[in-house]
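All chains, please: the whole structure from these sequences, using the hints.
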Amino acid sequence: MVPLLDRPLVQFGLALAAVLVLPLVMRSGTLASEILIYGLAVAACNLLLGYTGLLSFGQGIFFGLGSYVAGLGLVRAGLPAPVMLLLSLALGALVAAAVGWVSIRRQGVYFVMLTLAFSQMFYFLAYTFSGLTGGDNGLLDIPRPRLAGTVLADPWTYYAFVAVLFLGLFAALQRVALSTFGRTLLAIRDNEGRAGAIGYPVRAFKVAAFAISGAVTAFAGALHAMLIGVAPLSNIDYHTSETLLIMTIIGGSANLFASLLGAGAYLLAADALSAIWPRWLLLLGLLLIVITLFLQRGLWGLIEHAVALVTRAPPVDDPAPDRPVVTAPEVAPAPEALPGAETGRAPEVAR
Amino acid sequence: MRDRRAFLKTSLTAAALGASGLPVSGVLRGAHAAEGPLVIGAPLPISGAFAANGKYASLGAAFAAQEAGKVLGRTVTVADIDTEGKPAPAARKVQEAMAQGTRLFAGGILSSEALVMGKEAAKSDGVFITTAGADEITGSDCNRSTFRWTVPTFGAIAQTVRPLIAQMPNAKRWYTITPQYVFGEGLLSAAKAVFQEKGIEHVGNSYHSLAEKEFSGYLTNAIAAKPDVLLLLNFGSQSSDALRQAVSFGLKKRMTIVLAWASGLEQFEALGADLCEGVYFGAQYWHGIDSPLNKALVAKVRETARMTPNYSFAGSYQITKLLLDAAAKAGSADGPAVIKALEGMRYAGLTGEEEIRAADHQVIKDYYLLKGKAKSAMKDKDDFADVIQSGKSFLSPEAAGCKMA
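Going line by line, the protein sequences match chains A and B.
For the first sequence, position 58 matches number 168 in our numbering, and the numbering has no gaps at all.
For the second sequence, position 145 matches number 161 in our numbering, and the numbering has no gaps at all.
Rather than coming from a laboratory, the hints here were simulated on the basis of the structure.
Watch out, some of these pointers could steer you wrong.
[To be verified] No farther apart than 20 angstroms at their CA atoms in a straight line, the calculated lysine to aspartate or glutamate pairs in the EDC-like style are these:
| # | chain 1 | residue 1 | chain 2 | residue 2 |
| --- | --- | --- | --- | --- |
| 1 | B | 139 | A | 251 |
| 2 | B | 316 | B | 396 |
| 3 | B | 139 | A | 264 |
| 4 | B | 71 | A | 381 |
| 5 | B | 356 | B | 341 |
| 6 | B | 356 | B | 141 |
| 7 | B | 419 | A | 251 |
Next comes the structure, spelled out in structure tokens:
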């Protein structure tokens with residue numbers, strides 16, 4: 111039976127509650143919008159890491175690409191924002207499919223290195239074609255979208271715009287995760303050899319996961335560029351990939367709402383800590399070490415423990431089959447998974 | 017830190033109302049801001065790779081605020097805004113500060129963050145004055161709200177390369193090492209124009225990336241080209257690394273080394289006197305400048321803070337002071353009034369007589385050519401260099417590409 115907190119309606123309800131609560135508790139509409147935007151990008155990262163077991167350093171490529179596509183369309187071509195958002199979605203999917211198609215040809219550390227190499231390649235492309243991207247100065251003067259003839263200049267109005275899109279995409283990602291496709295991704299993550307032996311086209315599934323993840327990440331990148339009025343070079347830097355991965359791990363890869371939790375916790379902590387201590391990244395590093403050592407289910411795991419304490423039900427320590435979690439990502443396959451992959455024999459799934 | 021807390025405290029009410037999303041909050045925010053302290057936002061890289069510059073700049077801004085005490089009957093406070101040295105947090109945090117009623121900003125050390133913050137300020141009638149280097153700030157991306165104190169690349173080259181050509185008529189072969197980004201390209205094209213005009217042979221150029229730390233390959237190329245002068249067009253730690261490696265390669269004995277855009281006293285302290293001896297440095301500011309305001313600042317800072325103001329400190333002090341002086345002159349801290357007061361303002365600045373050009377909001381000030389002196393010749397621990405030349409060189413606003421909207 112699916113635990114209460116993991117039920118799709120509860121998950122969507124939590125996302126909706128977060129969207130409604132943020133304006134009540136936060137002083138900055140811009141920061142609140144950024145949380146939702148990064149929440150989307152982290153959920154997309156989670157689809158690869160938590161659901162498919164792919165530790166990709168390429169997410170920054172799609173985030174930056176989305177920013178540049180939106181910027182170029184809005185600034186240079188004067189196209190309407192909805193068109194640019196759809197275009198960023200499509201181009202994100204296309205580029206991610208290409209990056210994924212090449213990267214998934216290798217496993218483990220080689221897969222990670224390939225995504226890292228792509229990340230560097232796209233960064234230097236953006237850096238080199240400064241006439242198009244603005245180089246290190248960034249692509250400036252990106253306008254906020256217009257809705258019914260009104261520019262969404264006010265931070266909270268733009269937040270409302272982002273919130274609607276966030277909820278729509280969150281629901282769409284949930285549909286993907288709950289579909290046969292999503293379940294197959296979990297099967298591939300848990301035992302690629304067995305999934306292949308059953309007859310699933312594993313590579314096609316992985317490429318599709320990349321494409322969906324890239325599309326949503328690029329969409330988030332486009333929203334981000336419209337939020338801050340610039341597509342900075344740093345959006346396509348591998349540090350962005352790293353940040354998205356850190357957010358995913360902080361939140362926990364158990365479900366999609368955990369991704370919003372990770373993005374929110376990271377951005378709020380960064381905002382608060384940077385005001386206290388210039389070397390706040392050190393504290394963030396410590397937080398990451400603590401989470402990696404003792405809280406492998408991230409902040410979501412903490413919530414589960416808290417709920418278990420209240421309801422006196424045992425907390426979920428081991429991942430259930432339909433609950434994604436990073437147990438054997440590409441970077442470090444579980445020892446028992448390797449012989450299966452090599453011999454074609456489906457090994458027992460460690461649970 | 018205390019300033020930021022104070023800032024947060026004073027703007028708490030407005031923020032809470034803003035968070036509620038009520039339309040009335042805008043009115044109340046404005047009313048609250050008018051009655052409270054006069055807040056100058058200082059968006060600086062307080063964390064991240066440029067935290068050291070941010071720290072001194074924050075001290076400089078706070079010093080200017082403390083010195084001013086009250087302006088327009090309101091206590092002046094500085095709210096540090098940590099840009100993390102990146103344009104995205106910079107834009108977001110300036111948006112937040114503006115939503116809370118702050119309209120006057122002095123900061124932005126890095127070009128990429130300064131450009132976006134200037135754009136943000138322009139959206140809500142704010143004023144942003146910066147010490148960042150990119151020509152576009154008062155060139156193709158100029159706007160009504162943005163002002164810049166630092167001399168652009170054209171002036172930096174004119175005040176370093178030209179006097180050295182005049183001083184060394186036999187040095188006909190120059191080699192350049194350039195970071196391949198907008199700032200470096202600006203310096204290089206300005207240098208090439210001077211070379212062409214003066215009949216100098218540009219014997220070669222090496223481009224390096226934004227993240228380069230190893231310059232030996234470029235230096236080997238430079239040696240092979242047998243130049244009389246090596247002109248380094250990079251900035252910050254990259255220029256320090258390039259200079260260190262050039263000296264260890266023995267280039268100082270073979271040719272004259274010029275660093276066109278040094279980052280001031282902090283760079284000399286990092287490099288040490290032995291390395292800097294005989295090397296020429298271009299600088300926006302030097303504590304040894306003979307001007308009344310600079311002498312007063314150096315004396316006061318040495319007395320109260322037991323340090324000598326470096327470029328980050330002094331630049332931030334000057335731009336914060338400019339905003340406060342303009343607000344006092346305008347009789348208002350509203351953005352448009354302060355902009356009007358700043359345009360065309362002539363004043364006794366740190367570099368002597370300075371003027372804010374109304375057409376592109378560029379401060380017309382001196383740029384300095386320094387020569388590193390021997391350790392034995394230093395009068396005190398900060399006396400690393402002599403000012404051997406200074407002057408004002410600027411493109412016209414039209415030539416700089418500024419079309420003020």
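Outcome of the hint check:
Taking the CA atoms of residue 139 of chain B and residue 251 of chain A, the gap is about 11 angstroms. The hint holds against a cut of 20 angstroms. Between residue 316 of chain B and residue 396 of chain B the alpha-carbon distance is near 17 angstroms, which keeps this suggested pair within the 20 angstroms criterion. About 11 angstroms separates the Cα atoms of residue 139 of chain B and residue 264 of chain A, which keeps this hinted pair within 20 angstroms; it holds. Pair hint residue 71 of chain B plus residue 381 of chain A holds up; C-alpha atoms about 18 angstroms apart against a cutoff of 20 angstroms.
Distance check on the hinted pair: residue 356 of chain B and residue 341 of chain B sit about 12 angstroms apart at the alpha-carbon level, within 20 angstroms; holds. Only pairs whose Cα atoms come within 20 angstroms are accepted, and residue 356 of chain B paired with residue 141 of chain B is accepted, the gap being roughly 12 angstroms. Pair hint residue 419 of chain B plus residue 251 of chain A holds up; C-alpha atoms about 15 angstroms apart against a cutoff of 20 angstroms.
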